[in-house]
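Asker: For chain A, the structure is supplied; the task is to place chain B on it using the hints.
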Amino acid sequence: MTRNTDARARHTGGRPRHVVVVGAGPAGLAAAAAALRAGARVTLLDASDRPGGQYHRMLPAAYEAEDNGRLHHGWDDFERLRTHVQSHPRAEWWPDSAVWALERPDDTTSAPHVHVLRGPADGTERYRSVLTPDALVLATGAHDRVLPFPGWQLPGVFTAGAAQALAKGERVVVGDEVVVAGSGPFLLPVAASLLEAGSDVLEVLEANPASTVLRGWSRRPWELAAQSGKAAELAEYTGLLARHRVPYRLGRAVIEARGDGRVEEVVTARLTADWTPVPGTERTVPVDALCVTHGFSPQLELPVAAGCALSEGFVQVDDAQRTTAPGVYAAGEITGIAGAPAARAEGLLAGWTAAGGDPSDRTVRDVVRRRDRGRAFAARLAAAHPIGTGWPGWLRPDTLICRCEETDYRTLRAAAEDPATGAPRAVKLGTRAGLGPCQARMCGPAVADLCARRAPDSAPAHDGLAPDRSVPERAVPGLASASHHRRPVAQPIRLGELAASPGRPPEEEGEHTDER
Amino acid sequence: MRVVVVGAGIVGAACARELARAGLAVTVLDRGGPAAGTTAHGEGNILVSDKGPGPELELAKLSRSLWPEILDGLPNAGGVEWDPKGGIVVATTPEGARELEKFAESQRAAGVTAEALDAASLAAAEPHLTREVTAAVHYPDDAQVQPSGAATALLSDALRHGADLRTGCELIGVRTHDGYPDGSRDGASGERGGASSVWSVSRADGNRLTGVRTSQGVIDADLVVNAAGPWSGEVAARLGAPIDVRPRRGEVLVTAPLPPTVFHKVYDADYVGAVGSGSQDLQASTVIESTGAGTILIGSSRRQVGFDDRIRPFVLAELARKALRLYPSLAGVQVMRAYGGFRPYVPDHLPVIGPDPRLPGLWHATGHEGAGIGLSVGTARLLRELVTGAVPSLDPEPFRAGRPAVLGADACEGAA
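Taken in order, these protein sequences are the chains called A and B. In terms of the numbering used here, the first sequence opens at residue 1 and continues consecutively. In terms of the numbering used here, the second sequence opens at residue 1001 and continues consecutively.
What the hints contain is simulated information worked out from the structure, not anything from laboratory work. You can trust all of the hints, since none of them are fake.
Chain A stretches covered by chain B per the calculated footprint, using a threshold of three residues with CB under 8 Å from any CB of chain B:
#	region
1	91-105
2	406-420
3	427-434
4	483-493
Model, not experiment: these values are computed from the prediction. For each residue, glycine too, the CB sits at the ideal point set by N, CA and C.
Same shape as in the complex, but just chain A:
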């Protein structure tokens, strides 16, 4: 078996295929392991100093896809995977390695060249490397998504992910009296972490009403059968909340944070099904911290740079995890938010096919099944926790939309509604929304949504965001897309680092190419 797959993964010249995996979270690690299994040489890299990604911050196990189909050798067990990959003779692990650019080669059938900055981000010893793989697996994950609301820039307002990382990783409590609000299953483990760390969680607010959440989760109920085994874990969270007498309210949101210099109170309100605040339902709650999450945003700058087509806000992949870009595969949250087990299954399949493995091989039959369940799960999650179109109802003219550049709602609307200035790129350059240090990672989806609302006939798109009707999405040669995911410089790079030639440490001779 191994001999056969090894043969598959080799070039005619006898050299094994070189697979580069970007991102060492659950998907990337699994991709590396499967590519090794299929006989490839693997370079696994991550901006962090150790593998693991943010998976511990992702979906609670209670909501994850059933995970009973296992590949042999326990590959899906994180620790064993990590050890396996890191000690494998055909694998190289590059920690502290940020991909700052992907460059599509002149030869349009080859995988992109991977431009890497190596060394701790805050250090002065970073140097450039360029990898020219036979196949590239992108597993870059997702980050917290938060919609703007009045006062969200105040100290004491945390993304739920940051609050949980502080509570679990650093044992730091974000506050004594905390409200957890937003949408999605991630609210529950965040509340649980805060309770365990000693905070008093006053209430947990899910913006979607019970009808939306129940309808979403019960869609195609035959698929839910696989979820029944996790009922206990869900009960554990709800039990924990009940023991601490923490109310979990559906159809309610924080519509404002107030305070002098830091958050002192929040205003909550009931929402209609489309998230429009209902006047007269406001309540003021004294707090010293607020944790907010509205789900996750996929990290799409590398897929976009590689030329991968997107579909409904995620990387479009086929049944073998191939993207539309030659030699590029994608796995994990960039193809749909579905949690770690689904990401692992996608990673295994992506690594396997990237290495030249046959996706219909019986070795990966279970993996395919788990991946399919993961996708069904992602669809249910999206249906149960959509972002309503009515959220701008809680904005005020002076609400900051882009925190980096302090662009407020009034400025953004004025630019977007003026026919002369309303095209996406002109809005961005004119208001500076999204041009600050975070490069629109935080505000990009909200800005795109708000700008698209100029047209009165805008209908909600897949994720509740109105489609941009102002300019047809059609490729014009030489006219760059105004997508907020376009970041040709994917990570900041110092001028001195950019000016230096790519490094060629002797032990990696042959890995590198000149830039041109």
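Answerer: For chain B alone, kept in the frame of chain A given last:
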């Protein structure tokens, strides 16, 4: 008179504004949105420093004198970020110094203010600049705008004066007195017009353009202004009167915001050579300046690669290397993003302004390469004067569309 302006970049916006203010019924169309192409991918240069004596310098001087008075009359001029900060051109070699001094002298003779700076005044003007400078010339008339803001402000003024804007509207072909030269009847199909038939028709009958076919239907027009920048060659071809305007690629680096470090527009003297070069290979010469937001823009490269819009790391690296030669202390500064665009390039490096000799009713306002932001308002003024029969502010002859560099070898054959 009904006018269709093709392209809502800065040149199209400036032309629409002048023609609308002259009382013409103007429709601006763009297949994208306003200021989405070349305009949004440059640095906002309004320069006299890089132009030697000649027609382009005269157009630059006219434009430079128009900018402040136009901005005074715009209600929303704040977004333009007009900054008459002046430029400083530096040479770093003895030969470079000789060339620069000679160039500056010729510019002075043409009426440009070009002040030689000694080491002490250079250090006072740009304290972080390298001391390895062999000559420096200060051009107080160089200025900067936020190009997208400038274009949309001009366009707003055009709309206020009655112009109509159609976005997402793509030009497909031409309508003449005799119908659609490409053979289509309703104007709804036939992307590929037969260029030969338009020639036979228009040459034989002196047939005039009466409208354009677009993705949103036929628009009546007595006059069409081709202001489609690097796409104006394609637009002209669709109208049946091809011109030789090609895309020339340029990239710019943007740093994270910094405390004030660069106070003027600072150029390496070899910038002048790169602008005038016709080479297809990478030309990179440093243009470095700060913006109102505190970021530093580092340009600029010039390559002829068609519409290949890949951002190439080797180009960015070359820009960084050259910038550090002038400002070594910026080595630790983070590059936050990079952008690239296409400039409309004409082989003889002169804009194309005026009527097309082959198709009555078709006018061009294009081919400004990297100088379109600055030259837009002078171009529009000249166009207005030519269209309305007023006395032109400068000699339009060098910019005429009928010159061989514009018509190109193929086009000349067709017109012969």
